[in-house]
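> Chains A and B are the protein sequences, given in the same order.
Following the working numbering, the numbering of the first sequence begins with 1 at its first residue and continues without gaps.
Following the working numbering, the numbering of the second sequence begins with 1 at its first residue and continues without gaps.
These are computed hints drawn from the structure, not numbers from a lab.
The beta-carbon is built from N, C-alpha and C at its ideal position, and this holds for glycine as well.
Misleading hints may appear alongside valid ones.
[What the hints assert, rightly or not] Derived pair list, reagent style DSSO-like, types lysine-lysine, alpha-carbon separation capped at 30 Å:
id	chain 1	residue 1	chain 2	residue 2
1	B	Lys3	A	Lys55
2	B	Lys69	B	Lys3
3	A	Lys55	A	Lys14
4	A	Lys14	A	Lys41
5	A	Lys55	A	Lys20
6	B	Lys69	B	Lys52
7	A	Lys66	A	Lys41
8	A	Lys41	B	Lys108
9	A	Lys41	B	Lys3
10	A	Lys20	B	Lys3
11	A	Lys66	A	Lys55
12	B	Lys3	A	Lys64
[To be verified] Reference listing, derived: stretches of chain B covered by chain A, where coverage requires no fewer than 3 residues with Cβ under 8 Å from a Cβ of chain A:
id	region
13	40-46
14	97-108
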Amino acid sequence: GAVVSQHPSWVICKSGTSVKIECRSLDFQATTMFWYRQFPKQSLMLMATSNEGSKATYEQGVEKDKFLINHASLTLSTLTVTSAHPEDSSFYICSARDPRTGGYSNQPQHFGDGTRLSIL
Amino acid sequence: DAKTTQPPSMDCAEGRAANLPCNHSTISGNEYVYWYRQIHSQGPQYIIHGLKNNETNEMASLIITEDRKSSTLILPHATLRDTAVYYCIVRGAGNMLTFGGGTRLMVKP
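Same shape as in the complex, but just chain B (with noise of 0.2 Å):
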């Protein structure tokens, strides 16, 4: 699977919006975006996922470049309880993920 290098720590303002960038370079045209979340002593929480189209659920965006080698996951209003250790993964076909050392993002009033 493709390696990921984030940020390894950010600040947002409460209420503003997250902008956590992600490259992922060498990605292949199986493997997806995937983003989780890890909140402090916990199991990581499944963000979004996408492949080359732009992805939005209720938690998040997920915005991936059209050539595929960068992304960048929004949250559109940060709440203190978004800060977290923020992981950007690809994966392929099979099923592992592999985490690197995410983002610390450190949501502030």
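For reference, chain A alone in the conformation it holds in the complex (with noise of 0.2 Å):
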């Protein structure tokens, strides 16, 4: 089946540190990816589309200065986070559809065990 990696899965830096997150289809190329973050006890918040050579696109009150994504080859997203604080603390998780199954609109999404952010 379809697999999603991400690296690390955990991770502990001081405020002001940059952190990059890997988001990797392991058995499929994917032309899109996404980015999420979860809060304790929330739901998960869509952060950013990441479309493979080309700009990402960021969901409304996210700052694509704070939140870099490249998406550089098919299998290969990243999301820096650029001068964390203490508030970046959370859990982000990426996804990729896989276009092997279903057409357009019929092609689930699978996710990575996602990446724990933690900044003292």
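Hey, can you piece these two chains together into the complex? The hints should help.
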């Protein structure tokens, strides 16, 4: 089945540090990947849509200069949290649509296991 | 995309069928019903999806009413490992999945 891998799974760092999170589709090519954020006891919130070879599309309220997204290949998207502060501490999850199954509107997204980011 | 309504929590006895309801009364003709679940501290796991016909796979069955305004996810023999938050999501031609509050299913021995 489709596998999406995220790395690292856990990051603890000091305030002001920039942190990069990787999202890879292991057995399929993904022209589009998605980045979500989840705070404790809340649901997932879409942050941005990552498009291979073009600029990411950010949801309202998400700072594009704060959360840099790069989708340089069909199997890798990265999210960099720049100058992270304690309020950026959260569970970051990526997903990718599997193009091998179904038509365009009928393709399930598969999720990575998430990255827990803690900023001290 | 259409909004969904799910009960916030449900209990189920181990070995029994778990029936999780979802209302999506504003669903439009080209929108699919997707089900995901999230076990604590993990990313969501895809379960099943459908348009208007009932669907079954190795994990679950999806029953969609004829008017498509509601659906039920059925886990035929729930185990303790099925304890999770289950999300019912209606998705159209766009890629985005919009997660609501989901149903917290607790499978008890």
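> It remains to establish, for every hint, whether it holds in the given structure.
Status of the hints after comparison with the structure:
1. Proposed proximity of B:Lys3 and A:Lys55 is supported: the alpha carbons are some 28 Å apart, at most 30 Å.
2. With a C-alpha separation of about 11 Å, the suggested pairing of B:Lys69 with B:Lys3 holds against the 30 Å cut-off.
3. About 29 Å separates the Cα atoms of A:Lys55 and A:Lys14, which keeps this hinted pair within 30 Å; it holds.
4. A hinted pair counts as satisfied when its Cα atoms are at most 30 Å apart, and A:Lys14 with A:Lys41 qualifies at roughly 24 Å.
5. Distance hint between A:Lys55 and A:Lys20 is fulfilled; the C-alpha atoms sit about 17 Å from each other, no more than 30 Å.
6. For a cut-off of 30 Å, the pair hint linking B:Lys69 to B:Lys52 stands: about 10 Å separates their Cα positions.
7. Proposed proximity of A:Lys66 and A:Lys41 is supported: the alpha carbons are some 24 Å apart, at most 30 Å.
8. Using a Cα cut-off of 30 Å, the hinted pair A:Lys41 and B:Lys108 holds, with the two alpha carbons roughly 21 Å apart.
9. Restraint check for A:Lys41 and B:Lys3: satisfied, since their Cα atoms lie roughly 20 Å apart, inside the 30 Å limit.
10. Taking the CA atoms of A:Lys20 and B:Lys3, the gap is about 33 Å. The hint is violated against a cut of 30 Å.
11. For the hint linking A:Lys66 to A:Lys55, the alpha-carbon distance of about 15 Å falls within 30 Å, and the restraint holds.
12. Using a Cα cut-off of 30 Å, the hinted pair B:Lys3 and A:Lys64 holds, with the two alpha carbons roughly 27 Å apart.
13. With 6 residues having a Cβ less than 8 Å from any Cβ of chain A, the region 40-46 of chain B passes the three-residue criterion, so the hint holds.
14. Closer than 8 Å: that is the beta-carbon criterion, and the region 97-108 of chain B has 6 residues meeting it against chain A, so the requirement of 3 holds.
In this structure, the one hint that does not hold is number 10.
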